[in-house]
Amino acid sequence: MDQATAQVTANGVIAQNLTGNGPMPSRAGVGLKPEHYRDILDASPDIGWFEIHAENYMGDGGPPHAYLTAVRERYPLSLHGVGLSIGGAGPLDKNHLARLKALVDRYQPALFSEHLAWSSHDTVYLNDLLPLPYMEETLATVCAHIDEVQEALQCQMLLENPSTYVAFAETSMSEVEFLREVVRRTGCGLLLDVSNVFVQATNHGFSASDYLDSFPAEHVGEIHLGGHAEDSDDDGEALLIDDHGRGVADSVWALYSRALSRTGPKPTLIEWDNDVPSWPVLFAEAKRADAVIADRRSNRVRVSA
Amino acid sequence: MIPFSDIERDFAWAVLDGEASVPGPLVGKSGRATSGKTVTRSFAVYQNNVYASLIDALASRFPVTARLVGEEFFQAMARIYIGCEPPRSAVLLRYGTSFPDFVVQFSPAGSVPYLADVARLEWAWHAAYHSADATQLTLAELTEAGPDAEDITISLHPSLGVVRAPFPVVTIWQISGREGKDEPTQLPDGGEDALVVRPKLDVEVRRLPEGGAVFVLALKGGATLQEAASSAMQEAPAFDLKANLAGLITSGAIVSVR
Amino acid sequence: MTAHTKKISGLAIGCSFAAALGMAASSQSTTAADGVEKCYGVAKAGENDCAAGKGTSCAGTSKIDYQGNAWKLVPKGTCETMELPDTRKGSLEAVDRDLPPA
Numbered sequence: 001m002d003q004a005t006a007q008v009t010a011n012g013v014i015a016q017n018l019t020g021n022g023p024m025p026s027r028a029g030v031g032l033k034p035e036h037y038r039d040i041l042d043a044s045p046d047i048g049w050f051e052i053h054a055e056n057y058m059g060d061g062g063p064p065h066a067y068l069t070a071v072r073e074r075y076p077l078s079l080h081g082v083g084l085s086i087g088g089a090g091p092l093d094k095n096h097l098a099r100l101k102a103l104v105d106r107y108q109p110a111l112f113s114e115h116l117a118w119s120s121h122d123t124v125y126l127n128d129l130l131p132l133p134y135m136e137e138t139l140a141t142v143c144a145h146i147d148e149v150q151e152a153l154q155c156q157m158l159l160e161n162p163s164t165y166v167a168f169a170e171t172s173m174s175e176v177e178f179l180r181e182v183v184r185r186t187g188c189g190l191l192l193d194v195s196n197v198f199v200q201a202t203n204h205g206f207s208a209s210d211y212l213d214s215f216p217a218e219h220v221g222e223i224h225l226g227g228h229a230e231d232s233d234d235d236g237e238a239l240l241i242d243d244h245g246r247g248v249a250d251s252v253w254a255l256y257s258r259a260l261s262r263t264g265p266k267p268t269l270i271e272w273d274n275d276v277p278s279w280p281v282l283f284a285e286a287k288r289a290d291a292v293i294a295d296r297r298s299n300r301v302r303v304s305a
Numbered sequence: 001m002i003p004f005s006d007i008e009r010d011f012a013w014a015v016l017d018g019e020a021s022v023p024g025p026l027v028g029k030s031g032r033a034t035s036g037k038t039v040t041r042s043f044a045v046y047q048n049n050v051y052a053s054l055i056d057a058l059a060s061r062f063p064v065t066a067r068l069v070g071e072e073f074f075q076a077m078a079r080i081y082i083g084c085e086p087p088r089s090a091v092l093l094r095y096g097t098s099f100p101d102f103v104v105q106f107s108p109a110g111s112v113p114y115l116a117d118v119a120r121l122e123w124a125w126h127a128a129y130h131s132a133d134a135t136q137l138t139l140a141e142l143t144e145a146g147p148d149a150e151d152i153t154i155s156l157h158p159s160l161g162v163v164r165a166p167f168p169v170v171t172i173w174q175i176s177g178r179e180g181k182d183e184p185t186q187l188p189d190g191g192e193d194a195l196v197v198r199p200k201l202d203v204e205v206r207r208l209p210e211g212g213a214v215f216v217l218a219l220k221g222g223a224t225l226q227e228a229a230s231s232a233m234q235e236a237p238a239f240d241l242k243a244n245l246a247g248l249i250t251s252g253a254i255v256s257v258r
Numbered sequence: 001m002t003a004h005t006k007k008i009s010g011l012a013i014g015c016s017f018a019a020a021l022g023m024a025a026s027s028q029s030t031t032a033a034d035g036v037e038k039c040y041g042v043a044k045a046g047e048n049d050c051a052a053g054k055g056t057s058c059a060g061t062s063k064i065d066y067q068g069n070a071w072k073l074v075p076k077g078t079c080e081t082m083e084l085p086d087t088r089k090g091s092l093e094a095v096d097r098d099l100p101p102a
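Chains as they are written, first to last, in the numbering used here: chain V, 1 to 305; chain F, 1 to 258; chain U, 1 to 102.
Derived from the structure by calculation, the hints contain no laboratory data.
For each residue, glycine too, the CB sits at the ideal point set by N, CA and C.
Hints may be right or wrong, so weigh each one.
Some chain V residues near chain U, calculated using beta-carbon distances under 8 angstroms [to be verified]:
#, residue
1, Glu-55
2, Val-82
3, Gly-226
4, Asp-231
5, Asp-242
6, Asn-274
Bound conformation, chain V alone (with noise of 0.2 angstroms):
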């Protein structure tokens, strides 16, 4: 796979064009979920872009497409796959591949993403996005499922950080060394989701920022942020889960300023999931993110001014 397909404009408005559908604006989208259809479609608000789960549009017909025909006839799309398995031991599913192209094809979204995580284990699917060990081992297969992906979509994906909740003490190096180096070997582009990112440093007990300060900003082309909750594990430490079923804690707030800083402007997604809000309170997260993204934007201009 080259790497030519991803056209890097770094800090611009217009963020990476990855699949050649169009352009994917710098700001906050959100999820789109049937409860909102009706609000987007009758007054269709002002956000950036929508992102859909791309397992809950692989059915036949019925009002999922005709819905999400009607809104991307609006408004641009990220297509975000929680199914392919990107880090499981075994083969990809062709079938699930081909799934995903003809959604490709048929809706023809800005960006392609999915997960560091595994979900399928012979022929069963878990529903979760599962933890991997990082070693030689894993990076090869993930390298290689992702060369898979980029050649049958017929464009760059962007590869999430995932909120773990164990580690592997197969583990042999770290998580930003192991992306760093998928992309690398792959020429993906990443999602940088700031919300996992402070999940894990809590649930693990590193430093989230130092995390950030290592990542490889200039590779994002997406970013993420959710709700969590709190529980506490056997030690009765502080042990986060990445529930989407809330807005975005104040503390994953002040990170994603941090992120910016060093990806610049980057369409953002507002991710909620589980007890999913009336409209007006998901357009209000987004709107909050925005406001976040044109801060940045100006701090920029006065520092270069």
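For this one, chain V is given, so just place chains F and U on it according to the hints.
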């Protein structure tokens, strides 16, 4: 060095098992190695994610089934189903097709004999929702196409499904699907057959008259109108072809006639 | 089937089709308004309109404890209010036969 495929297998097994101990080579906070025990709560997040998300998926796919037995019972029943028949595809909207058959076999639900029939009706509803689209014939097009033909073949909408039940499944589904307080209800005698179809965006459930199920299923199987009508008459001598045809037409279930 | 009977039944079908079209045309204006729940009437169960099934999620969940033991649970929902004609009451008692070994 343990190969990742082994790690993945042990992890997947422990997640699905639910009771199994944490798989071997995990480490807890600040990198200290654990013998499995001290990351139990952390590992349980994964077990919980898998089961909770799949139970929620089933509950929203079978909402009336869940109301009939109550949330607690439904969740416990769904949990066992998931353990027995986990998803085989990342396309989660196809998950649950065998749930009604599981309900039939599930003896604690045996005191609600119509539960599996309601589940079958709900699955037909779900399948119709996601089925392929097709444009139904208008009355004018039908008038032009059909009446003079001697041996008509009718193509039905791809979303169309028929659920035959020895219990009044449509009535139960209707009553229990309503919001509000549940008044004691005397159910009608006998079974009901349901027609499920999504002509445009809304899924519709209709009660089929006598012989209607045989008639529609025969048409769906490619039988001519004549063949379908005679199969229906064999089962139900009082089968009313006119009324059944009119019902199919008003349901928006007919997409072509030749 | 002889040519004769085929022709007759074919004619019958044609007539039925025309008559059905007439019925459909006259019922189209009234069915929805009347809300008739007779055969081929539309049945709507309120909850189903938007419940096409919860889809995928790339998030975890903080909801825990779906661990009830179904073998000891009793269905406790709207089934309790439904009475079948031959008095096979919906459900009030746990079925304790045919249980798998614990």
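Hints, verified against the model:
| no. | hint | result |
| --- | --- | --- |
| 1 | Glu-55 | holds (5 angstroms) |
| 2 | Val-82 | holds (5 angstroms) |
| 3 | Gly-226 | holds (7 angstroms) |
| 4 | Asp-231 | holds (7 angstroms) |
| 5 | Asp-242 | holds (5 angstroms) |
| 6 | Asn-274 | holds (6 angstroms) |
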